[in-house]
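Participant: Residues per chain are reported as follows:
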Amino acid sequence: MTDKSVPTGIVITGLSHDYTPRAGTRVRALEDVSLTVATGSFHALLGPSGCGKSTLLYCIGGFLPVQIGSIRTDRGLVTAPGPDRGVVFQNFALFPWKTVLQNILYGIGKRGIRGAEARDRAQRFIDLVHLTGFEASFPGQLSGGMQQRAALARTLAAEPDILLMDEPFGALDAQTRRIMQEELLGIWRQTGKTVVFVTHDVAEAVYLADEISVMSARPGRIRRTLSAGFNRAADPAVFKRPDFAEQVELIWQMVRAEVDDARRPVSA
Amino acid sequence: MKQGAISYLPLLILAALWELVTRLGLVSRALLPPFSVVLVALAHMLADGSLLRNAVPSLLRGAAGLALAIVVGFGLGAGMALLPRFRAAFGPLVQAFYPLPKTALVPLVMVWFGLGDTAKIVLIFLGCLLPVILGTYNGIRGVDHVLVWSARSLGASRRDVLREVLLPAAMPQILIGLRTATAFAFLLMVASELIIANNGLGFLIGSLGDDGAYPAMFAAILTITALGFLADRGFAALSAHLLRWRI
Ligand SMILES: Nc1ncnc2c1ncn2[C@@H]1O[C@H](COP(=O)(O)OP(=O)(O)OP(=O)(O)O)[C@@H](O)[C@H]1O
Ligand SMILES: [Mg+2]
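If you read the protein sequences in the order shown, they are chains Z and E. Under the working numbering, the first residue of the first sequence is numbered 1, with each subsequent residue one higher. Under the working numbering, the first residue of the second sequence is numbered 1001, with each subsequent residue one higher.
Hints may contain errors.
[Stated by the list, open to error] Below, in silico cross-link-like pairs of lysine to any residue (SDA-like), each with a Cα-Cα straight-line distance of 20 Å or less:
(1) Z:Lys110 to E:Val1161
(2) Z:Lys110 to Z:Arg124
(3) Z:Lys110 to E:Leu1162
(4) Z:Lys98 to Z:Ala80
(5) E:Lys1102 to E:Val1146
(6) Z:Lys98 to E:Leu1175
(7) Z:Lys240 to Z:Ser216
(8) Z:Lys98 to E:Val1146
What the hints contain is simulated information worked out from the structure, not anything from laboratory work. A quick note: this is a predicted structure, and the numbers were derived from the prediction, not measured.
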């Protein structure tokens, strides 16, 4: 697969983010987040629900204004959304008025690719996510897991330099999830894209990622960043290895401490 | 299709009842001519061309006013939804104008624009404008911003977003506004022609009524009803096609 994207890293320095709802009080979602994702590396984000994982991804995506701190890629400071940073949204964000094929063609068309070449490319990614036969379906006619795979195909087909993925396999059954993980690793190894991957599944993070950051409960900070690096093994039996299980257990303890922290009533 | 035919059964029953109560003398013929007599009058008016001669100018006025309202209303609605300054300027105007019955404007518009077609088109335009503005405004304001984000991260420019995301996402609301506007167009078309005109279906109803030609007058009313009904059905079909993605 020819991919014209250029691998690029991400450097986040001192990023804080406040939400100010029209009604209600200001919420600090991110606090002093500094994070470097090396070019071509696969970085997983773990943390309790509501800790700011999506917010961090939206900031890198350029959807939310950077208020305090900075985000930089090899292309420069992040100030707006752009096709160099592809996003798989937590709630899919497919265009409901477009069919699966039209959704996937959208990003391809924005790259200036048209006609038969565009359709071939779209079909390749539809096949990749096992949606062959559903090209003409509208998102509303698909199950949650199928919509999630369509969204994945749409983002991959647009060939971003950086992949920002918000629980991209959250709606999938264990079987399909495993297959999609393999496909993603395959594409990642082939293209050397930089990936930021949010998940609740510790084993998934340990299996896929080079590095894993564990975030604290709100306001979200990076508690610790560890390296994993099982993804290079290309070994389906990696799940059974004792060092893999050990790593999962270790990180699971850290995440649980943060979840417990989040449950504790706010005082003083 | 069978289903569709059956759903018109109530209309047939109504026609039959109409015939019955007038034939049995339950309602005076001076107040309501029998349905069959009205149909005969309708056939005459079709044959001598008087119906067509009056329907065409009416429909042209309605279409012109409606088309103008769609173009301007979409622009104003989209502007208000997207630009805070625009909203600050036009929002209060729309709110003030909203509860005003547009038929109250008939005399004023006639004074300003005369007694010809312009006045009638302006009136229809004004009446249709608000539902289009409101449909567009509410539709665009209600679009999930994540859809805009996903388009932007797939390479859409800010300009692309209006046509490629906001418009289709707001389409269900916009169509509701257009449907209301179409109904208003018929209402104002007849109202303005009733008051002053030398042709049009409203004029026809008025002059036939003045002449005491009640069966013909009812035939003209029936024609407007049928045209309004057809317009609405056509509109519903168009909506169903445009919104076929909403299972
Ligand atoms: N639009 C918003 N307005 C106000 N507060 C918000 C908004 N979006 C998110 N928040 C708050 O910011 C915090 C972080 O939200 P975010 O969606 O980033 O969490 P998350 O880590 O992605 O959670 P989850 O794992 O459940 O998806 C939450 O506590 C939430 O209440
Ligand atoms: Mg989230």
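Participant: None of the hints should be skipped; say for each whether it holds.
Facilitator: Against the structure, the hints:
1. Distance hint between lysine 110 of chain Z and valine 1161 of chain E is fulfilled; the C-alpha atoms sit about 12 Å from each other, no more than 20 Å.
2. Straight-line distance between C-alpha atoms of lysine 110 of chain Z and arginine 124 of chain Z comes to about 18 Å, which keeps the hinted pair within the 20 Å bound.
3. Under the criterion of a C-alpha separation no larger than 20 Å, the hint pairing lysine 110 of chain Z with leucine 1162 of chain E is consistent with the structure, at around 15 Å.
4. Between lysine 98 of chain Z and alanine 80 of chain Z, the direct Cα distance comes to roughly 25 Å. Violation of the 20 Å bound is thereby established for this hinted pair.
5. Only pairs whose Cα atoms come within 20 Å are accepted, and lysine 1102 of chain E paired with valine 1146 of chain E is rejected, the gap being roughly 38 Å.
6. Our distance criterion of 20 Å between C-alpha atoms is met by lysine 98 of chain Z and leucine 1175 of chain E, whose separation comes to about 18 Å.
7. A distance of roughly 29 Å separates the Cα atoms of lysine 240 of chain Z and serine 216 of chain Z; the hinted pair therefore is violated under the 20 Å criterion.
8. A distance of roughly 16 Å separates the Cα atoms of lysine 98 of chain Z and valine 1146 of chain E; the hinted pair therefore holds under the 20 Å criterion.
Violated hints, listed in ascending order, are 4, 5 and 7; each of the other numbered hints is respected by the structure.
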